[in-house]
Every structure is written in structure tokens, then in C-alpha cells.
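**Q** Construct all of the structure, not just a fragment, from the sequences and the given hints.
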Amino acid sequence: MSSPIGLSEGCVAAIRHLRELREVNTVVFRTADAPGVLVPELEANLTHDELVQGLPSDEPRLVLHELSFASPEGTRRNELLLVLWMPAAAGEQEDAYTAGYSALKEHLADVHVHLTARRADQLAYRRLVALAG
Numbered sequence: 044m045s046s047p048i049g050l051s052e053g054c055v056a057a058i059r060h061l062r063e064l065r066e067v068n069t070v071v072f073r074t075a076d077a078p079g080v081l082v083p084e085l086e087a088n089l090t091h092d093e094l095v096q097g098l099p100s101d102e103p104r105l106v107l108h109e110l111s112f113a114s115p116e117g118t119r120r121n122e123l124l125l126v127l128w129m130p131a132a133a134g135e136q137e138d139a140y141t142a143g144y145s146a147l148k149e150h151l152a153d154v155h156v157h158l159t160a161r162r163a164d165q166l167a168y169r170r171l172v173a174l175a176g
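Heads up: the sequence shown begins at 44 in the working numbering, then just goes up one per residue.
Please note that the accuracy of each hint is not assured.
SDA-like, lysine to any residue: derived pairs with alpha carbons at most 25 angstroms apart [claimed, not checked]:
#, residue 1, residue 2
1, K148, E135
2, K148, E66
3, K148, A131
4, K148, A56
By construction, these hints were calculated from the structure, which means they are not laboratory data. None of the values given here were measured: they were computed from a predicted structure.
**A** Structure (C-alpha cells):
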């Protein structure tokens, strides 16, 4: 069973920036040096490719990303995704990040697309669009 984890003030501020600032579409979170707290590691405007390439291959992360895509009707859409990035090499940290993922899902009740990815191919753009669409 994972222990509860809190969201730092910086974490909450980063989420607010993503929602309010056009120049931020991605926030990457990590656990803090102090146990039981999530902190923002990166606030940026990333393309899908930049996001996937920027994820560490040996460490977990939590990602809140605004995915932009066209609907089948051709209208532009944006959908927030919450991703638990858990590569195989990071297994010993899974409990802490799973607790953080649960805390973010609770805090972000209006985000309806949640996924866990263990490999980069699980974050393929078309797959994310299918989940969001």
C-alpha cells in the first residue's frame, strides 16, 4: 500500500500556470528530496516529441500535458492528460509515484485521461489522441 503524498505549493502553482498561461502546456513533476511531497521539475511548452524524448529512461515522473489535436470533424481540440511515467529501471520508486499519481488525480478531478506508460511507444501521439478523443 502506498503512503499519502502531498502537493507542494510549487506543484499547485505549476498546475495553475498550465491552466492560465498559453506558453505552458506541460508540467513534469517528481518527488521531492523530502519524502511524501511532489514538486514541479519543469514547466514548458513542449511538442509531443519533445515531451517523449525528455522523459528519463531510468526514473519515474508524473506529467500533466495539454494534448492538441484535430477531431475527426476537423476542429482543433485540447485535452489534458495525466501520465504516470514508470520505466522498468525505476521499479523501486513505483509506490511513491503511484501515491503521487493518485494525489494528482484527486486534485485534477476535471482531467479525464489518465495513463501509465512504461515504454515510450505507449506515449505514441496517435494512441494519446485516441484516448483523448
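**Q** Does each hint fit the structure? Answer for all of them.
**A** Going through the hints against the structure:
This hinted pair checks out: K148 and E135 have alpha carbons roughly 22 angstroms apart, not beyond 25 angstroms. Of the supplied pair hints, the one linking K148 and E66 holds, its CA atoms being roughly 23 angstroms apart against a limit of 25 angstroms. Between the alpha carbons of K148 and A131 the distance comes to roughly 22 angstroms, so the proposed pair stays at or under 25 angstroms and holds. With a C-alpha separation of about 16 angstroms, the suggested pair K148 and A56 falls inside the 25 angstroms cut-off, and the hint holds.
The structure shown violates none of the earlier numbered hints.
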